[in-house]
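Undergrad: Here is how the chains run, residue by residue.
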Amino acid sequence: MSTILDAKIPDGSLVEKWTKFRSNVPLVNPANKRNLEIIVVGTGLAGASAAASLAELGYTVKAFCFQDSPRRAHSIAAQGGINAAKNYQNDGDSTYRLFYDTIKGGDYRAREANVHRLAEVSANIIDQCVAQGVPFARDYGGLLKNRSFGGTQVKRTFYAAGQTGQQLLLGAYSSLQRQIGLGNVKMYTRHEMLDVVMVDGKARGIIARDLISGKLERHFGHAVLLCTGGYGNVFYLSTNAMGSNVTAAWKAHRKGALFGNPCFTQIHPTCIPVSGDHQSKLTLMSESLRNDGRIWVPKQKGDTRPANDIPEEERDYYLERRYPAFGNLVPRDIASRAAKERCDAGYGVGASKMAVYLDFRSNLINKYGRAEASKLGIDNPDEETLIRLGRAVVKEEYGNLFDMYKQITGEDPYETPMRIYPAVHYTMGGLWVDYNLMTTVKGLYALGEANFSDHGANRLGASALMQGLADGYFVLPYTIGAYLAAEIKTKAISTDAPEFVEAEKAVQERITQFLSIKGKKSVDNFHKRLGKIMWEQCGMSRSAEGLKGAIADIQALRKEFYSDVFVPGDADEFNPELEKAGRVADFIELGELMCVDALQREESCGGHFREEFQTPDGEALRDDEKYAYVSAWEFKDTSQWELHKEELVYENIKIAQRSYK
Amino acid sequence: MEGNMNLTLKVWRQKNAKSEGRFETFDVKGISEDMSFLEMFDVLNERLISETKEPIAFDHDCREGICGMCSMYINGHPHGPKQTTTCQLHMRSFKSGDTITVEPWRAAAFPVIKDLAVNRSSFDRIIASGGFVSVNTGNARDANSLPIPKENADLAFMAAACIGCGACVAACKNASAMLFTSAKVSQLSLLPQGQAERQMRAEKMVAQMDAEGFGACTNTGACEAECPKGISIENIARMNREYLSASVSSNKEY
Ligand SMILES: Cc1cc2nc3c(=O)[nH]c(=O)nc-3n(C[C@H](O)[C@H](O)[C@H](O)COP(=O)(O)OP(=O)(O)OC[C@H]3O[C@@H](n4cnc5c(N)ncnc54)[C@H](O)[C@@H]3O)c2cc1C
Ligand code: FES
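Sequence order for the protein chains is A and B.
According to our numbering, the first sequence holds residues 1 to 661 in order.
According to our numbering, the second sequence holds residues 1 to 254 in order.
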């Protein structure tokens, strides 16, 4: 029966909730902490920060990742920056403003109490990272620099060139490695979690596969944390790393954890366009570039002149035109739809005509070039000098991104504008969690991109890094006390217990099944076809008819997968194809749920755009009366889910039509 | 078929750490110059799978040149002819008709797992021995309370850009891990946050590096020349200074 979920939000006024919670949450004494074992699956920003912080507190931690080192988690690829309400720029930022921007950016589909907590701890994150030696960008006075990101009018984004995720992850990784060296964390790299083990209704462990030997292992924990990242790869082509997957979250879902807002996907406006069928992934060009780049298409349909030959007055800076208040810095969902609209209307550029320009020339010259020239005391500099001077500054800010663009496309973005197009980037949906970050399965938590999180229907740029680190450093280490304080008498459960034996047997059978199908098609063949269905019917715009067709197509694809996939090699060896097979099988099931969710939500909000529900000027049209809730789906059986709801109550923000004009 | 490049690949095949390896030759056709080197391998693997043969195992993840997972030794160079990662190497760097030899990283401290994938966990253990600032969560003070001269901050950032791929080790005839280790030592010794543990850090990390079986550094500079992130061998000089001052100093209180 469909229920209304209790998010366990503490009482009190918004600004007091977290402080009060922290003062009242039960504590575990240091002697008992040692005896409590915590399993952390995933060691990206969320997992590495959680594992290190929990070990520092004295818990016994086991951590798992599928890469060969925690340093390679997908978080490493984050480019542009991390938000924090430090107000170092004295431009009017505050905890409230970050909270407000995030709720509004998420199109009023996020939980107030969580978002406020996130804004509260954001400043501590920056302090912690700097203390670890994270080399954020600094100005000549030695103080930290900030840049702007979409959906805000203050500068609150901290960054390290275009490598912010790398530097933050290496910081968290160094803390984790320190705890590994001290013997407080046992790290299992090249291990993939393949199921959650439930004992008496609580999560008590996992089954993991050693990816080198292929052996299945049983691990016990008093609590299990899933920090396993997002599922954007359900679309096959995305900006995610090749290995990013939904398997851990999906196994938890099948064991009873509800899945929140599965269809809320972020399509990022500025990515390098697809160049051919061989393409294995898409590459992001950070949103931070929109600080300094202007987006345009020719005013004339089908204009084939090279970008630099199109005069200023024949260019349509459509974001500046449509959204004068925010211009190029509108949130991602809006920027993406606007790009699609221009291309669909025939104004796209490049060979495929499915691209728009992101142009740095005017800022190279006017913003940076002139500032440098005046610093150097050059009077009346010519354009060439300005470009040369501006180029040096831009190189320092984004050099690696410009290099990457050139590597991939063979074109020099300092000379000609970048060609960009939207691509799948991030998933706001994920495992439903309460205020404590616990899923609907007792003792099973979800952190980082893996939970349905604080971003509502659209995440603002530079907020995922903030959320992952908030969850791991500053939230979970407190909230888990509420559960573990009652577990101090629970002795470690033997991994020979029947629940473990059975869970391992089920995993073994599934592996055997994959290897014995011996069909004719590769795993990638299915993954690509799934991705195509998802992109076309559950991507940037969705309709009831399209979604219904997609559900039928995915069901047919699943049947075909189980009768015609070919997985080479054996179970007891390093076998990347076997790993992929398991992940794609889970993606197929998830894809269906995403379409079910998108079909059920008869409104448009944030990244979820239903063609039937739009304003006359093509903006998302929410229905707050009917849909101001989180959809949380319970797995019943293959292709069968039941919907539960968490009502979203706005006590502090007046819910309004989102406007960036 | 997407392109018109035809290539001959000589690829190292090895079933696991214990078995002997050998080269196997493949002809690949219809490659486009816009493909990355790994996408060319995807094409080959897709064909092998359709022939019910075992695909070639190799490491990769981000395919953006930042995770450090990809690791192919191509025509005698780690990550091939350009100063970039294997995933960011594009086929336009080759000519149709080329024969390309692809091997795994070769180093005693990086045992082969299968085909082109190697085990680099020795790098993690070097970091665990001292590549950190000992600051527990919650211990930090306000981030702007300690200004850092921009020059130091920039140098620290450049050292911190290391992706831990191991190309430096693969490039070195001694299989030395000095560039990797020194980049971390440098980053932290350039920052005020790293000062308290400065001496101990260099000593411990060098000791761990030796214990892992990496070779000695004879300053050939091959590591810098092949590093996809342009990590400078200045870092090695800086680490040597740290190390010397650590070993001559008498007040080691740890
Ligand atoms: C190209 C790119 C750029 C971005 N830039 C920004 C930015 O500038 N600012 C911003 O705020 N956000 C950015 N994001 C988003 C942000 O990087 C991610 O949302 C965030 O890093 C996710 O962190 P995480 O810790 O939740 O997961 P991840 O970093 O994805 O880590 C997942 C971990 O789980 C492990 N794992 C997964 N499944 C299993 C399993 N079954 N068994 C064992 N281990 C498993 C993996 O090994 C890994 O350790 C960007 C994202 C992309 C794709
Ligand atoms: S795959 Fe990540 S650096 Fe090449």
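By construction, these hints were calculated from the structure, which means they are not laboratory data.
Being a predicted model, the structure only gives us computed values, none of them experimental.
Idealized CB from N, CA, C, for every residue including glycine.
Careful, some of the hints might be misleading.
Chain B stretches covered by chain A per the calculated footprint, using a threshold of three residues with CB under 8 Å from any CB of chain A [to be verified]:
(1) 20 to 27
(2) 34 to 47
(3) 65 to 73
(4) 92 to 101
(5) 171 to 181
(6) 186 to 199
(7) 214 to 222
Undergrad: If a hint holds in the structure, say so; if it doesn't, say that too.
TA: Checked hints:
1. 20 to 27: violated (count 0)
2. 34 to 47: With 8 residues closer than 8 Å to chain A, the region 34 to 47 of chain B meets the three-residue bar; holds.
3. 65 to 73: Coverage by chain A holds for the region 65 to 73 of chain B (5 residues, Cβ < 8 Å).
4. 92 to 101: The restraint on the region 92 to 101 of chain B is violated, since only 1 of its residues have a Cβ under 8 Å from chain A and three are required.
5. 171 to 181: violated (count 0)
6. 186 to 199: With 5 residues in contact (Cβ-Cβ under 8 Å with chain A), the coverage given for the region 186 to 199 of chain B holds.
7. 214 to 222: Since 0 is below three, the answer is violated.
Comparing the model with each numbered hint stated earlier shows that hints 1, 4, 5, 7 do not hold.
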